[in-house]
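Participant: Letter by letter, the chains look like this.
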Amino acid sequence: MAAVSLEGVTKLYRARRGDILALQDFTLDIADAEFVVLVGPSGCGKSTTLRIIAGLEKPTAGTVRIGDCVVNTVAPKDRDVAMVFQNYALYPHMTVYKNMAFGLKMRKVPRAEIERKVMAAAGMLGIEHLLDRKPAALSGGERQRVAVGRAIVRNPRAFLFDEPLSNLDAKLRVQMRAELKRLHRQLHTTSVYVTHDQEEAMTLGDRIVVMKDGLIQQCDTPLTVYAQPANRFVAGFVGMPPMNFMDARIEADGGEVTAVVEGHRLPCTAPTAQRLAQHASQTVVVGARPESLLVQPADATRTRSGDETLLAEVQVVEPLGERQDVYLRTAAGTRLIARVPPTAHISPGDNVTVAFDPDRLHLFEADATGQRII
Amino acid sequence: MTGNMPTRARASPAASRVLRALRTVVVYALLLLIALSTALPLVWMVCTSLHPPHAQLPTMRTLFAPDGWHWDNYSYVFTFAELPIWRFAVNSVLVTAGVVLLQLTLCSLAAYGFARLQFRGRDALFVVFLLTMMVPAQVLIVPLFALVRHLGWLDTYGGLIVPYPYLSTAFGTFLLRQFFVGIPTSLDDAARLDGCSDLRIFWHVILPAAKPALATLAAFAFIWTWTDFYWPMLATSSTTMRTLEVGLSVFKDAYHGTRWPLQMAAAVIVLAPVLLFFLVMQRFFVKGVVLSGLKG
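Chains B and A, in that order, give the protein sequences.
Using the working numbering, the letters of the first sequence correspond one by one to residues 576 to 949.
Using the working numbering, the letters of the second sequence correspond one by one to residues 724 to 1019.
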């Protein structure tokens, strides 16, 4: 087991139709035994990062360390890392046993020790009964277990997972997710996990690294990333359904500072108002998670004039058992998603009022950076 | 318009049934014609080989009604003292096996390079390599002959085997490259992390995964080499180095082309292994056509 660190790593792919900058000045320190998840949309550079750690790609600039050694020029086989691939990458002509034993055989490990290690790993994953089968005779879940087993058997310094669960069905994915977490607790091996599924990232990672266009957008614990996203991209990417965004104008009326959305004053706590003062007369973007919106039938709550709610029409209701996701459209045309209890009687076509929880509002710059203000 | 629809709808199932049946008859008639025209020379050859040794060239009327069926024509050919047919057969087997092995080795290594290794100008080189398929073998024969003579390899197994790949490596490389490209590169990555070098990836991962394509190329190389007449004819001069195909021609010359039944018996002996091989390996030939995107 070892710490992994990347320092100022840049990767430039040269192509006829123009160069592609897959990673830009990427710096990340992964502690020994830590489980870090790289998450982001397709093409954000997360798999490239993983392949650079594995040695399958060479960085254009920067330093990669595993343990105390700089490994930039070290061959993949000598880095002592194991990788689990999205399509399993099991050798089709070998049995499960031979697949798991292959890496050890190449390292000239004695046969008896290979057998001991393979049996131990197979026992850990509950695949002893599959050892004589070939990959073609296995289900997707079994193949993924074998792929994980092949990685475990070598007892590497770090595990690298490249979207290992994306080929599995939803139920199996959740099951394997828990299994991977259990294995990590058991083995304490440094793990770097790549996924585009933010839910997988949230549930698995000690820390998650949100990436976009080869740049780290935020690197923190899952709950911090969720509760205090660094910018609009992170806020929109992490969380399902995604965060609602609305343009707001900061108005200072005497000593009172408020954010005005579509003519309605949003409630602001005193510290928030204080921070907003420096953005007076500017446009900002307000973010609100679906679960922080309070949706009420319009005729029941619109009694007070000048209240801090928006009027909206229900367009779609998605009943999900323990909750309902409600898709709304405000009078000004803004689309919002709210999460309401399953008992709420809301139907498409209803007029509702939407209220915001002042403690759970996020404010971002309206410019391209979309940096967090509050 | 709408008024006509029910009438047409009622009439169409019957009409379409007739049309379908007619189409089936025409298609099968055509297929039968093609099959007959393909099989006829073979049938003619086998039947003629059983006619009396001095019989005239049979007509369609006499083909199936000779003056007795002479199976002894075959034993005659096998025991014909001046033409060691067993020796020819051994030569054919050795040459064909050598060429198939050489072809598989060279083509698979070249295909691996073109499919997996990254180097400047790789694709351009591959195109140039493919262009050699357009050079007819006859153009290459003379320089090859000069080269083999210069090496002192005329009338040797080396001279019979080694020059063959020059004539068909591009096709084999193309066929295998197409297959190799379809093998997921994550297998290479996994093998690299497991401790394999490029050559070990080739040996432990790519080759075992490409067995069907290798079998296909082996099948093609077998047929081409076994049935080749031109190169063994040029590269050998002594009777003991002849292959079956060349031996057949020597046999023909020995009788000035007159004793057809005996000649046909010899032809059947030469052709039988190829026919058997084709029947067994048929699916690999079909696969080869699919893999290389070639027809015919």
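Derived by calculation from the structure, the hints in this document are not laboratory data.
Keep in mind that the hints are not guaranteed to be accurate.
[Said to hold, decoys possible] Straight-line alpha carbon distances no greater than 25 Å define the calculated DMTMM-like cross-link-like pairs of lysine to aspartate or glutamate that follow:
1. Lys673/B <-> Asp878/A
2. Lys633/B <-> Asp921/A
3. Lys633/B <-> Glu805/A
4. Lys680/B <-> Asp921/A
5. Lys934/A <-> Asp707/B
6. Lys652/B <-> Asp911/A
7. Lys633/B <-> Asp976/A
8. Lys673/B <-> Asp795/A
Participant: The structure should be examined with respect to each hint, and the outcome stated for every one.
Facilitator: Status of the hints after comparison with the structure:
1. The straight-line distance between the Cα atoms of Lys673/B and Asp878/A is roughly 47 Å, outside the 25 Å bound, and the hint therefore fails.
2. The suggested pairing of Lys633/B with Asp921/A holds, with an alpha-carbon distance near 17 Å, which does not exceed 25 Å.
3. The straight-line distance between the Cα atoms of Lys633/B and Glu805/A is roughly 68 Å, outside the 25 Å bound, and the hint therefore fails.
4. With a CA separation close to 17 Å, the supplied pair Lys680/B and Asp921/A stays within the 25 Å bound.
5. Of the pairs offered as hints, the one joining Lys934/A and Asp707/B holds, with about 21 Å between alpha carbons and a cut-off of 25 Å not exceeded.
6. Between the alpha carbons of Lys652/B and Asp911/A the distance comes to roughly 12 Å, so the proposed pair stays at or under 25 Å and holds.
7. Pair hint Lys633/B plus Asp976/A does not hold up; C-alpha atoms about 67 Å apart against a cutoff of 25 Å.
8. Of the supplied pair hints, the one linking Lys673/B and Asp795/A is violated, its CA atoms being roughly 56 Å apart against a limit of 25 Å.
Consistency with the previously given hints fails for numbers 1, 3, 7, 8, ordered from lowest to highest.
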